[in-house]
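The residues making up each chain are set out below.
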Amino acid sequence: MKPELFEVWGDTVEGRHLVYSIAIGATVSLGAFFTAQQLLVGWVESLQMARAYAMLVGIVGCLAGGAISAALFKPKRNVVEHLADPAWRAKILVELENEFGPLGSLADLPAATIAELREMDLYDLFADYEKGLNAPPPNPDVSPAVVVRAASVNGGRS
Amino acid sequence: MIALLLDQLLIALGMGILGAVIFAGIGLISGSDETTTLAPLTLLVVLLGVPAAGVLTFFLAGAVAKHMTHAVPTALLGIPGDTMATPLMREANFLRNLGVPHIALRKMISGAVIAALIAVPMAVLFAVMLAPFGDMIKHAAPWVFLLAAVAIAWFSKGRLAAVLTLIPFVMVIVGLQSLTAQYGVKLSVSYFLGIAIGPLIAALFSLLAPAERAAMRRQELRTFSLSPDVKSWGGFFPNPLRVLDSKQSLWTAVTAIVSSATFVFSPVAMTVIMGEAVGSRVKHVYHRLTTVITARNGVTESTYLAEALIPLIAFGLPLSPVAAGPAAPLFNAPPRFSVDTATGQVNNLHSMLSTWEFLGYGMLAVVVAILIAYPFTMNYAHRAASYVSRKISHEAVIATFVGLILVIGIWEGGLLGLLVIVTIGLLGGFLSRFLGFNIGVQFMGYYTAVLTVPALVALLGA
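First to last, the sequence lines map onto chains A and B. No gaps in the numbering here: position 72 of the first sequence is 72 in the working numbering, and each next residue is one more. No gaps in the numbering here: position 278 of the second sequence is 278 in the working numbering, and each next residue is one more.
Extracted from the complex, chain B is given alone in its bound form:
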């Protein structure tokens, strides 16, 4: 018994370290979206048969580490590290222009440490409070997803356009599903990847159209100004509570708790809203910039952790934007994990781990990620940013993602899988660019097609 537990612990620790190291590296590459990177790699870990505890620590440690190292390109190069870093750009740029990018960096990752440590117990607490309603929600799942899809669409940039666009988008997915079903092919990852990587597919197609191509042409290289290295703290592992002042620690903690509870909202929106709420309460502009950037980066951690953990612990259904996107393989990864909405039968981490295990392994993952990513970012940020911007060409990044599209598509459904990725990616990419029908809304559209449409058909048929 003890030996078995120790075995589990070692696997969880090992997978946590692996996730933290891989995603600390990926976080340094600007524009490496969370969904595009976390979802396929977590899926791989699931399908390779890693025990449940290891799957959980891999995902959580990866997410926490990525949202620390994403501060490096954001603060030092002035380009967002990933999707969650975009709401931090304004503050980061002002601090960079004031000549103190290292302050922005230190505050951001210290906020991340505090928020991540708070978010896990909070998420478990909220999940326990919600669990009694679990059965009710599972039975109403198709309608809950429909409501969530409409709400997330309404709060996206596209507003009413995004809500209405849900209808044709869902139609396309239903159509593609019945097409592949004729050949006995059932796809899910291909849809996720198509949605997540849509902007790249849309950009590559645009490059082939003469008019768009002319608009994308550039006369000269893009110039990045990398801030010089300033190390003004002692030791290898500075205390985050000393990097922040008491007010900043307090606001980070408060926003981490609030954003852990609001798990159904878009994480980017929560990051923006929490930042505004804090900013309006700090009078002096310098203090406001540093406090807002601290709290905002804390929220990037707490929303991710809570949005993955709460639905996982309480329902086993992917009922949040993070659960529907980057954390999707924790819920649904056929043949190993599955969600059957018709019967409410759930077979995934929800049924494999107890609440205490979620808390324990969750904290383990966060601590591992902090021990790896925090000192790394504090001490090597400048060298890492310099290496990535000077050595890794954008062509190479695109080549990697094109390879990923081909391998995942053909692995899941042969030629049909590949065609689905390209179709959904092209459509989603353009809808996102022109109508503000963003990736989060598209994921909800996918779930509406898979869950709500069959329920609706059954209801109308009866």
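Looking at chain A on its own, in the form it has when it is part of the complex:
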């Protein structure tokens, strides 16, 4: 049978696995709580404390139920590791401009931030972007990214 995937509470789950997990969580936590209550009520002097300890055991039961479910059912996630593509970074600048307006000038930055940008290899990206702005392209909608990319190939620096 093909697994049925659903988005529940912000992440993807598989229908049957979710049902099993809930059943496991409910059984283990309530089982722990009621067992502890049965045992402790006769054993601890105050009823109030006995019930508080039983709740603690119940919460440990919740975690145990979660751990069992985690061991039985693998996450429904694709985790890929990747570094942002340098060519793609130029596009981000266009997005940034759409979001915040003009990006500002590197001349305004304190020395510490300039050093940080150089360390991250981001200095040239912003410097080239500024150069592109000084020679305004005919079509402002698409050109900045292209200009930046073309300039980065030359390794241009202001």
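Keep in mind that a hint or two might mislead.
[Unchecked claim] Some chain B residues judged to face chain A by a derived CB distance under 10 Å, without partners named:
# : residue
1 : Q8
2 : R218
3 : V282
4 : S389
5 : S393
In case anyone wonders, no lab produced these hints; they're calculated from the structure. Positions of the beta carbon are idealized from the N, C-alpha and C atoms, including for glycine.
Assemble chain B onto chain A, guided by the hints.
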């Protein structure tokens, strides 16, 4: 005398370490809401009879540690670590796409360190300034809560809809209370948990309705791109003041002080507003992204600390969104802690600790949390994010929370407790989703039902 003090100190230290370790772990799990996790565990600590100093350090160290490690999923996976991390997503995503998520992470947690250290003395200072008005406010508490409820509702996403929704929501709570009272059951935690966990309950019910179920269906696995590990600092414990530049440290300090004073506003709203205020003063976009994300994460710490400490020290009444939500058990945890609004009688941390003890244990909790969560996040962020996203399935997280609903509900009120959680959770979850009647407003609705309604009835009857 000395031995007694030492005893207290050791308990406070131990509980602080426990809180910091537990919540540093919980912070790594994306979507682990503060209220859902901090409130029940703090309640447990209270009911187990831990001395007052230990209760305080457990809560504060937990909150501080969580708001550092929540930076890990936020920066590295692009999913918010918890509710307070949502206003950080835009900056975090831009920095991630620029290929420097580790910068976002370092700046965020360094901002958290500075803001947390500033917030505790500031909160104590503001509380001392407000304390003379304490009696007045205690007497007017039912009306102060009503005003606060309306104000918080107005500033929520729902605006007027949220303000008007308060009326039926309060009616439902009053109705449920009189129903359970017929069976001699008085509930409070069940309401908190129902409100806090409402979105999950609403989602599980939706899954059973065919139309909603079809809308929730997904064709493929969700893909998360985890940023690779880049360690570009030396040593185990980098100096936060060197991770930030002077302007960033300054803005973090300023926003921490301002947000410590504005303790009646929603912490998420303060985080957004403070970030905007800082962002408009930084010209270059890269510098703006890093400065805003630093200041914003600092505000997540300072609002939480101040919103818990100021009402606790000055009034002993839960008069802020944090005090009404995640910090609620510090104020009200029957039978140990109680607030009687009819007489203005308060029996909780407010009456058990002096102002100096609040300052001392508050600083202890913050320092403990920093010593644990800061180096952990700096050094193991990538491994932790990788482990959580590859090993802990969402099914397991849901199973844990379902267990929590059952245990807490049945512990507090048997079957009635459970039914109240499900009723309030389902109602609150849908109201939040469709009307923007968010969790903070719902908590204020609960307090209106408990405090304002009896006062109103008395007033009309007289």
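Hint check:
1. Q8: 21 Å, violated
2. R218: 4 Å, holds
3. V282: 8 Å, holds
4. S389: 5 Å, holds
5. S393: Holds, about 4 Å.
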